[in-house]
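J.: Letter by letter, the chains look like this.
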Amino acid sequence: MTVATNGSKPLVCVERVVHAFGARKIFTGLDLDLFGGEIYGLLGPNGVGKTTLMRAVSGRIRLAGGAIFIEGADIRREPSRLSAISFVPQEIALYSHLTVKENMQVFAGAAGRPAARLIPELLEKAGLQERADQICGSLSGGYQRRLNICVALLKRPRILLLDEPTVGVDVDAREAIHRLLEDRKREDVAILISTHDLDQAESLCDRVGFLRQGRIVLEGRPQDLLRQTFGDRIEVTAVLRRPAEQSQFVALQALGFEWRMSDEIWLSYQGSEHIDAAELSRRLSGSGLQVREIRVREPDLTSLFSRVMQEGLA
Amino acid sequence: MIVAVMRVMLLALARDRGALVMAFALPAAIYLIFASIFSGTAGEQLQLSVALLDQAKDDASRRLVSALSNDPRLQIATLQPQSRQDLELAVRRGEIDAGIVIRDDMSKLSNQAPILILGDVARAVAAPIVNGRVQKILGEKLPDAVYRRAIADLDQNFAPLTAQQRARADAVLQAMAEKARQDSEDEGSAQSDARAPMVEMLEVARNRGADAAVVYYAGAVSILFLLISASQGAMLLIEERRNGILDRLTSSAGGLAKAVTGKFLFLTLQGAAQVGIIFIVAASVYGVAVLARPVEWGLLTLAAAAMSSGAALLLCAVCQTRQQAQTLSSFLVLVLSAVGGSMVPIYLMPQWLQKVSLFTPNAWAIQAYQDLLWRDAPMASVLSYAAMLLGAGLATAALAWFFLLRERRS
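Taken in sequence, the protein lines are chains A and B. Position 31 of the first sequence, counting from 1, maps to 31 under my numbering, and the rest follow consecutively. Position 287 of the second sequence, counting from 1, maps to 1287 under my numbering, and the rest follow consecutively.
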């Protein structure tokens, strides 16, 4: 268990968790701490175990090893601690035949929380107040996602787990969802999000963790991780018309291209003073490579994600 | 939690017109159809279509034709067969239920019976009923013909009569025939001078204004539609499991047990309302005496509804998709209903199938409603069936909870 810089203890502490589906290992000693008032982004490719981790934290999975503590208590010994958690699944877990307001009322009733004031407040914050009487099944995907989160907030959780909360939504819906989450963060709620949207992770999350081969291999504040990994270097991407042949790899590496997305897309990280796109293109062409495009940009979480997942940076 | 779960199911039902019709209108309509078909098949209202061929053409045969024509249980077809072959053809074609041939003088002894009844194997029950009616009419309306034949038999085969005895017997039989003829002409004087009858029939089933088949099918249709509607209502559980709603509901205060309880209670109340409508129709259209023992009827109805609710929840807890649940529920409901007597009365089944039917909830419910509303069985008998149904409902609901819990933890 780690302690935050302000001295607070984590609301969720995942310790050396081990889990497998048959012969397939999902977690091989995973550790993760989640603090109140922070948004933690869980990053990783499909099938790596993000949803499984959320289900484990919310007590829906019996683990093969390790332990999960909620507010300091082992959930196996004190399952009542799970009541502090709201889990927003990736699916739209709503009754499609009920209206927006009825869904809120039903889940408030199920949670045993009177929510006469909270329902209009949440609907307003999510931009759903004008659709309160609309049948849920007739709402667009974005509005359904907003409602999916609002329902989870009805029980005023101290820990909020969201599995891909903004998948397939437009910019308005995404911003509305971000506003809702920022509000909860200010109320000291600990928020864990799994996402493939790295822009979202960079802008929304206080910390991110990269899940790979059953454990968190890299974790920290996005800007810190980017600085630690790339320093002041700039990302240069060469997009070729044809895949590079084995004999041309040496020429690419000589020009600093060491990371490969595919045989057509090569990356290098260089100091900004060395970069001259036109000169680079000319030199690549001189090596027999047909260049479609040279991109130059500051590295971001997408860059970091590619390196972590492809090269096992830890 | 329980109220919230029940509210969701109520709204789902209220917004689905098809489900509403299926739950409340269709059962009553199907009951009316079944009751119309089967009312009277117990005997008292049955009217069979018969055709007559009088080959004897004597006084007795004319009296028999007349008596048969006036029998309220028989409907004499307009068909006028010229020969026995014509009559056989009409029976074979299904134009009539049975044919009656008066072949010879009924008082004369011969090797063949003077009256022949032609029946269709496909309508096996018709010929014995017609036979019974003919025997009854002979005894009541033509006692002289019956005695004349008996006396002839006695005279010829056992104890030959003297001339004086014969003359006296003739006189008595003449008087008997005359009286029977007069009685037939006098409406309301149905009983003729039949002396002491060999058999007397007394109907002991308590008559509460409805016939047995109507009561039988009220129970039979009720349990059939309880199973169908509960299965339909419980399907929501599959969607809730698939899209994460159940996870969301059960992570809240109360957990899975309350969610299952809410569903069980709603389906039970819905089922009770459904059965209530069927019995209101039965009472108002056929005079079934539901209100004679309302408390027992209410307990039995709740128990039957609880059984179907628990079974439906179990079905939807073990099936992974709606399609799978629909297929399995159709199969189970049809088999249980066929074996359990919801389609064909249990007493018409072969013995081995009657024994199998004892293991179906349909048979328990049908028997319990029959006992309550027709046989006037004691409360303990009715409540024992109710306890079996309720026990089955609670057990299957508990199993549903167990399977859902296991799924959540896997």
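Hints may contain errors.
Claimed, not checked - Per the computed footprint, the stretches of chain B lying under chain A, defined by three or more beta-carbons under 8 Å from a beta-carbon of chain A, are:
1) 1305-1313
2) 1331-1344
Claimed, not checked - Where chain B lies over chain A, by a calculated footprint (3+ residues, C-beta under 8 Å):
3) 78-88
4) 94-104
Calculated from the structure, these hints are not laboratory results. Where a beta carbon is used, it is the ideal one built from N, C-alpha and C, also for glycine.
J.: Hints first: check each against the structure and report whether it holds.
T.: Hints and how they fare:
1. 1305-1313: violated (count 0)
2. 1331-1344: Per the Cβ count (0), the hint is violated.
3. 78-88: This one holds; 5 residues, not fewer than the three required, reach chain B with a Cβ under 8 Å.
4. 94-104: Held - the stretch 94-104 of chain A has 5 residues with a Cβ nearer than 8 Å to chain B, which meets the minimum of three.
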